[in-house]
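Respectively, the protein sequence lines represent chains A and B. In this text, residue positions in the first sequence follow full-length UniProt numbering: the first is 1, and each later residue adds one. In this text, residue positions in the second sequence follow full-length UniProt numbering: the first is 1, and each later residue adds one.
Warning: the hint list may mix true and false statements.
In this list, chains with the same sequence are indistinguishable; a pair is considered to hold if it fits within one copy or across any two.
The calculated lysine-lysine pairs, modelled on BS3-like cross-linking and capped at a C-alpha distance of 25 Å, are [said to hold, decoys possible]:
1) LYS150 / LYS187
2) LYS273 / LYS203
3) LYS26 / LYS40
4) LYS280 / LYS187
5) LYS187 / LYS223
6) LYS107 / LYS273
7) LYS206 / LYS280
8) LYS280 / LYS247
9) LYS247 / LYS39
10) LYS124 / LYS107
11) LYS163 / LYS203
12) LYS187 / LYS247
13) LYS40 / LYS124
14) LYS47 / LYS203
15) LYS47 / LYS247
16) LYS26 / LYS206
17) LYS223 / LYS26
Calculated directly from the structure, the hints in this document are not laboratory data.
2 protein chains.
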Amino acid sequence: MSSYPANLIKCLRADPGIRLEQRATKNPDWWPEDAPQDKKQAASRMKELAGELSDLQERLFAEALQDELEDSVLLILQGMDTSGKGGIVRHVMGMLDPQGVEHYAFKAPSPEERSHDFLWRVEKRLPARGRIGVFDRSHYEDVLIHRVQKLSTEAQVESRYGKIVDFEKRLRDRAIHPIKIMLHISKDEQFARLSERLERPDKYWKYAASDVEDRLLWDDYQKAYQIAINRTDTESAPWFVIPADQKWRARLCVAELLLAQLRQINPQWPAAKFDVAAEKTRLEAAR
Amino acid sequence: MSSYPANLIKCLRADPGIRLEQRATKNPDWWPEDAPQDKKQAASRMKELAGELSDLQERLFAEALQDELEDSVLLILQGMDTSGKGGIVRHVMGMLDPQGVEHYAFKAPSPEERSHDFLWRVEKRLPARGRIGVFDRSHYEDVLIHRVQKLSTEAQVESRYGKIVDFEKRLRDRAIHPIKIMLHISKDEQFARLSERLERPDKYWKYAASDVEDRLLWDDYQKAYQIAINRTDTESAPWFVIPADQKWRARLCVAELLLAQLRQINPQWPAAKFDVAAEKTRLEAAR
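Construct the complete structure from the given sequences, taking the supplied hints into account.
Structure below.
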């Protein structure tokens with residue numbers, strides 16, 4: 001078993017009073033020496049992770065099904081356009097059994113959703129017991145784009161940080177373990193990725209004119225992220241800031257975070273809910 | 001590109017007046033010579049399939065997102081206990097990007113679901129445009145277990161075959177392409193798999209005492225499947241009977257069926273919905 005993950009996770013954790021411009025988006029100097037150092041080493045570690053994740057996921061699913069455990073995991077993915085949220089779903093959540101994964105991508109709210117409190121639609125998408133949920137965007141949009149684009153008043157946005165902290169506290173009370181991820185990319189890397197979307201016909205569909213408009217507000221978004229992270233980072237619902245300019249690195253980090261959370265839950269194969277010897281006899285009789 | 005898939009798919013298709021006892025559950029004598037012949041060859045072919053499935057799935061998703069295509073695929077999985085429905089989801093649907101997969105496992109209906117027509121809950125779970133849906137069990141339970149266990153009257157069950165045919169006809173009208181799969185296992189193979197669930201503590205959770213009760217009704221279930229397949233097999237919603245005693249073979253068959261369906265839809269990268277040159281200029285200005 002590798003020994004670097006605990007160190008890595010400590011380094012990924014948002015520090016109090018975090019300043020995003022001081023957090024590396026690539027080649028971080030704090031990257032553990034015994035962690036994978038390049039794409040190839042990461043691929044080999046990802047294979048190991050796949051096996052362990054798959055085993056823990058199945059135990060979690062099984063134990064919850066037998067009502068012996070109530071836990072679920074909720075990965076919340078946030079990040080600027082092109083930061084790689086979709087890639088995390090594809091390559092990290094894609095390592096898991098689809099039977100135990102609940103994925104949801106939040107878009108602009110519908111009129112019905114807007115007629116409710118901003119957490120109403122989030123509540124409806126929480127993962128069931130024993131599942132691993134993943135939100136591609138989330139209730140954080142209501143303090144990010146809403147703050148930057150002034151879609152809500154300042155007072156409304158201000159009121160939401162505390163509501164989010166309370167909501168996430170209740171998640172833990174319900175044994176839903178949130179892992180809040182900010183995929184942190186540099187402005188240069190975003191330029192390269194947006195350019196690629198304009199160069200490659202198989203990437204056109206990922207491009208939206210609004211991406212450039214958001215890019216023009218880069219600093220405002222960074223500030224909004226920083227405020228959101230600072231005001232909603234708690235022990236029970238921590239934020240992790242992932243260096244995301246290198247896709248292999250970001251995916252490895254998220255897989256390690258997920259594995260650490262599953263290990264902490266430590267799900268076990270549930271005991272038989274029946275008399276094993278008696279059932280063997282019954283089955284033999286039905287041979 | 002392999003040339004066997006078209007032949008294979010023809011052989012998997014339910015023939016008119018199908019007799020299940022005449023359909024192989026393993027080592028079928030009609031298995032194409034140029035198809036993979038063992039687990040190892042199948043694994044290598046599955047790797048090829050993974051790449052092509054992934055590419056087609058992304059095109060399907062992209063084209064639907066851009067409103068250029070309305071199609072979706074719906075894999076309907078049916079089969080006796082232990083026939084490997086979960087394994088298909090894990091190993092075949094697990095090859096796909098979770099962002100484009102909608103998985104649902106139908107359980108015994110809730111009181112609310114029972115208060116509606118049997119297709120009501122199915123309608124709610126149909127895949128969105130551009131998605132690949134997978135049903136683990138389905139509306140067919142209402143003519144299988146309902147027939148065998150007499151959970152409905154004979155007249156009710158009788159009325160459902162036609163309703164299913166009509167419903168599935170409407171699916172095609174809505175560009176939802178159903179692939180109906182019966183995982184066909186032998187009674188001996190089921191015995192071996194149930195025994196394993198009673199031998200291995202990591203499999204206990206998959207065992208239910210009702211599995212033996214259903215096994216005692218094996219012939220009734222086979223008959224119910226045969227009637228259901230005969231009465232609901234149509235050109236637009238065909239049934240495929242998969243030899244499922246060998247897991248590698250069953251998974252390969254389903255992956256080939258899925259690939260053939262996606263190829264038939266033939267999704268393309270959507271054209272740019274914007275002026276590429278103008279956007280390049282805008283992006284450059286926002287560098």
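Exercise for review: Run the structure past the numbered hints and jot down the numbers of the failing ones, going up.
Suggested key: 11 and 13
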